[in-house]
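Once you've looked at the hints, dock chain G against the given chain S.
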Amino acid sequence: MHKMRWLPGLLLCAGLLSASSAVAKGTGLVFVGNEKSSTITILDENNQIVTTMDTCARPRGMHFSQDREAFYVACADDSLIAIYDVASLKLLGRIINVAEPETFDLHPNGRHLYISNEEDATATLFDVQTGEQLAEFQTGEEPEGVLITSDGRLVFVASEAANLVHVIDTESQEIIKDILVDTRPRRFALTPDEKELWVSAELAGVVDIIDVATLTIIGDVAFLPAGFRKEQVTPVDLLITKDGSRAYVALGRANHVAVVDVRARKVLDYILVGKRAWGLALTFDESKLYVANGLSDDVSIIDTASLKVITSVPVGLIPYGILIDDH
Amino acid sequence: MITRLALLLALLAALPTPAFPAEPEVFAFAYLMRDEDPAYVQHRAYTGLSLRDRQRPLAGARLGVRDSRIIGRALGFRFDLREESLPAGVSARERIEALVAEDVRVFLLDLPLSEVIDLARTLANRDLVLFNIRHTDDRLRGTDCAAVLFHTLPSQAMLMDALAQFLLKKNWREILILEGQDAADKTLSTAFQAAARKFGLEVTDVRPFVLSNDPRQRDQTNLSILTGGVDYDAVFLADSVGEVGRYLPYNTQDPRPVVGSEGLTPAAWHWTWERHGAPQLNQRFDKIAGRSMTDEDWAAWAAIKVTVEAITQTKTGDIPAIRAFLRGDELTFDNYKGLAGSFRSWDNQLRQPILLHTHNAVIARAPLEGFLHQTNTLDSLGIDKPESACALP
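Taken in sequence, the protein lines are chains S and G.
In this text, residue positions in the first sequence follow numbering that gives the first Met the number 0: the first is 0, and each later residue adds one.
In this text, residue positions in the second sequence follow numbering that gives the first Met the number 0: the first is 0, and each later residue adds one.
Pulled out of the complex, with its shape left as it was, chain S reads as follows:
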């Protein structure tokens, strides 16, 4: 029954993608998903709001397609993933019956989305071309961050309530390990050599470092900006720069972004941003860092050379994810 409903949308999607494939890359636009107002705020390179578009209910994770001409938005309250054309902002299709998606990652094959389904305590695998669910994995309660290695062999899924990182082997399609980490694991970043997996532990106020070869914890980085109590430090999103030198960690209730020396595992600086900083995105040249502040409903934009906030831009209610179309 469901196939009949999503097939037309996805066929349309394929048509549009081929038609727009000649368009030059990188509009410079920044897409900010707003979880509570169910909108996407679109900023230009000069930090001006271009437009605000309505989207499906409670948008959370966002990701570009492999050719970066489309982007996917996971809508938890509509249990679907919407696919939009980057250039025209038109809806290209919907993948439906995705139980309360939170975040997801795209497999290097460009077809497989691994999705965390928060209410169901599962991770699911969907084919973006057919909209079909290909697999389901039992995770702990409240699965959140999803990250796939660049060779496409392993998928990491964080379970917030079970304090576990699940490791899925994409070949055998099985969970091969549950790694116990600190309280409330949220998001991941891999070092560029993919030897270290960094995972934020929100309630522990730390980032745990997992050795990818042995799938065991080999270290951590703790955060405590001046004037905050330990319990206010709740790291969520994190990014590692392409040269592997620096990590940025959004510290949630501590209203700061931590700048970390990745090799030394030492905090270099804390940058004051808006309230409850969660989502992060870097420009392609890594000169600017965008921070989604969930409780002040704005985005802080940081100059990464001076580590100063250049400006903050009011967006919709509870901004969550950020995508930058600049390459």
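One or more of the hints may lead you astray.
Per the computed footprint, the stretches of chain G lying under chain S, defined by three or more beta-carbons under 8 Å from a beta-carbon of chain S, are [stated by the list, open to error]:
1. 69-78
2. 276-282
3. 330-340
Don't read these hints as lab results, they were simulated from the structure.
Bear in mind that the values here come from a model prediction, so they are computed numbers and not experimental data.
Heads up, the beta-carbon is just placed ideally off N, CA and C, and yes, glycines get one too.
Just chain G now, kept in the frame of chain S:
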């Protein structure tokens, strides 16, 4: 590139394929309840309205076990819930001994107060964990406390302190108290008066009310008269029955808010709480129970989850180790209220934030900003170590 690929392949070959133990160890919790417990008998008010029905918090315990399945997989445990309803004539003590013989060591007590006190006394020195998930009474944390008994439900002192913090923060310092005839109403009123003293609120009068149409008792039945002739910034209502109290808001002589049993109420949990992952917990609960999560459901869920957290951290199902961990400084329990929970070493009470809610919104979370404590802000709520009548080793 080739070396990296080779390395990766070698590593992948070394990865264990399904690495979970085939035979997990069973760790069982027991939920003890009484057949036909009067606490859960429906109380019908006039015209068949049901005002204060209590639900058995069994679903909270079931959710706790369900929420622990996958962590159990990782630890090599299978968590099990024994649901034990006791007929009249069977003592809880006997049933516990029978279950101990079957290797059950952790018990959730959904039993009347007198039975909980009795169990705490008779089992005080046993290597067991008993969870009080139902009673807020301060004496369970005071004169009747026991090392074997842990409390995941907040104490009445914690709830009243939360309310007092809110009133003080609002600068609503003059409080009129209306109290009903029930013993529970008196206890509640006394607990609030202690909180008022602690935080420097002024109780301008304490007035008893009765549920009656007797014209000779007009001064105790008429809400305008009850709330007139005295200054107050807010009315504290102690009404466990609820029949008088529900008419108090909008019927006060002066335009003043009502707190306590009606209006703004302190609680362990609320179905509208929307921060710190609460919507997910509420939705999971709704799904299995078909109703909203209550304070007691939350306390039952927390009892299971905090035990599983101790098992996770100590990597054992050994009760002395679990108890030592629960009472130690290392516990950071994710209570979905934003400040990590731990047990007070002096009375085994779970530290936790308190939610101040109306019928459909959480207005504030205590401890409120500005209320500090030398060791843990959560200890600004409830009986602190120097005041405690309980002194666990």
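Right, here's what the structure says about each hint:
Evaluation of the coverage hint for the segment 69-78 of chain G: fulfilled, as 5 residues show C-beta separations to chain S shorter than 8 Å, against a requirement of three. Counting residues of the segment 276-282 of chain G whose C-beta sits closer than 8 Å to any C-beta of chain S gives 3, which meets the bar of three, so the coverage hint holds. By the rule of at least three residues with a Cβ nearer than 8 Å to a Cβ of chain S, the coverage given for the segment 330-340 of chain G holds, with 5 such residues.
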